[in-house]
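Now for the letters of each chain:
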Amino acid sequence: MWRRPFLWLILAVSLAFVLVPYLTDDVQLREGLLLAAVYVILASSLNLMIGYAGYVNFGNIVFFGLGGYVCVFLVSEWHWPLVPSAILAGVAVSAVALLFGLGILRLRGAFFALATIGINEAVRQLVTNFEPWGGATGIYLSFDAYEPLGGPMQALWTSYFLVVGVMALSLLASFAIKRSKFGLGLIAIGQNEDAAATLGVPTPRYKALVYSASAFLPAVAGGIYFFKSGIIEPGAAFNLGLSIEAIVMVMLGGQGTVIGPAVGAFLYEELRGALLVAEAFSNFQLVIAGVLLLVIVLFVPGGLMGFVHRRWPKARSWLE
Amino acid sequence: MIAILASVLDGVLVGAVYGLAAMGLTLIWGVMNVINLAHGALTVFGMFALYFLASVLGLPPYSAVPIAIVAGFVCGVVLYWIAVHRIIGRPELMSLLATFAVNMVLIGVGTALWTTSPFNVPVTLPGFTWQGYTFTGTHIMAAVLAGVLAGLLYLFLHHTRVGKAIRAVAQNREAAELSGIPTKQILSMAFGLGVALAAVSGTLIATMFPFTMLSGEAYQLKSFVVTVLGGLGNPAGALLGGIALGLVEGLSTPFMPVSWIPILEFGLFVFCLMAFPRGIFALSKG
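Protein chains in written order, with my numbering: chain A, 1 to 320; chain B, 1001 to 1286.
Please keep in mind that the hints were generated in silico from the structure rather than gathered at the bench. It is possible that part of the hints are untrue.
Unchecked claim - Quick partial rundown of chain B residues pointing at chain A, CB under 10 Å, derived from the structure: (1) W1029; (2) I1082; (3) A1098; (4) V1105; (5) T1111; (6) G1147; (7) E1217; (8) L1273.
This structure is a prediction, so every number in the text was calculated from the model and none was measured. Glycine residues also receive a C-beta, built at the ideal position from the N, C-alpha and C atoms.
Given the sequences, and given the hints that come with them, work out the whole structure.
Rendered as structure tokens:
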């Protein structure tokens, strides 16, 4: 297994993410990389649905938000430590996703895409009205919550390392799934669902499983992210805009590839940061992202990795 | 009892406008299998059309209605050739993403120009009072106009050459092309018509409620609910679906806190998608 160059690549990138900000003690760089890592997690998980199974999920962010809520609730009300809370959040949200999935995965194409928007909005409105989770104002963490991790300063670093760990896991998962029988079945579903079913791919089970799998890591990441922020409220947790930005990242890097979504997420974060800082563009950040997306969709539907794979076919053998 | 009746009636009036908005969405879906995710943003541009014509230029408010239709149509045709034409017949992901990209650009430009602060266009029309409940003139006028426009759309689709061509393309594009219908032009006109409906419904909504650059998203989601209730691709169903949504909103207002209504709507939406994917009013298409 360790002969695969790709695994060393994940290890090297993760180490760079951990070491560079830690050794330079650059907090600003750390915050930027944290956001990039969260984007990589969201994009890679979304890629399981969009790139492999060919189902457009506009509401993937619902898992991120729900995971955040479960985790922050456990930490703040039940005084659980961070790591078990985040893991429980992931498990709980995956279970919920499995339930949702069994319902809405009977829909195909555009109907499924619309239903995912509906689910995100319904959950957001439900949480806005759910008093134990603070309703519209959300939950604030007190400083005491950070004491078990050695105070707020240390907790920020710990959260960051955990997010980088989850990022490595998400890449590993998307690699392992692609090389498994399960992944092959998913790609068959993406190409022609009826044909796949005829050839013996258990399509309903695979679809529900991948929907649930695409929920797990975003939920864990959401837990750590909102723990780090110290506040969670419905608008930030179930932000449909971020969900769709994740689709832009997947498309930018190349849907269906393992590295593509991660590269797309990283590039998108850097681009967004640069545009927000630049005086002339800060108002037009959305416009530029939109034009970028339109150009990719119309002219380079394979994304960056699609281009690389076409240009250098041999690269494929060691990138995946 | 009368209170409930009054809120139901008002719900139906507003619902007719939701129906008009959803008709644009469902027409485009029915003709070219594209879900126009820029629908909400285009609705908002219709709202701003009212603001500029009535509040800034001082024209009578309802003069914005024909202007919104014409401008919306032209915008729609242009958008079709820029963003939609290349993705006709490609996987759904592509059309969803392309129209969403247009949405991002429109909202980005709009917020840069007009910020996200709320706008309100005061339109005064005499309403009428019945048993102590007042029905605002703007709501009645909007519902009447929505009904008239829906009727005109029906006449256009069924009794003009272009309208018949649009329906032919919706049924079978290859066969239409073989019969000598210039399908590309027809598709662009259908898209323009859908956008015109979105824009004019925005204008009508703006006569009733205050709005911001970002209100489009809420109305777009309502349009989805309506189209799903009425059956995707079915303009007549959309009007009924809109009225049904208005009824649900009107009926539930006296019984539950306002913040719970969206949950009801989206619950209904997901439920209808799964239980009745062809719409509750599964009338024949067109």
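Q. Taking each numbered hint in turn, which are not upheld by the structure, reported in ascending numerical order?
A. Structure breaks hint 6 only.
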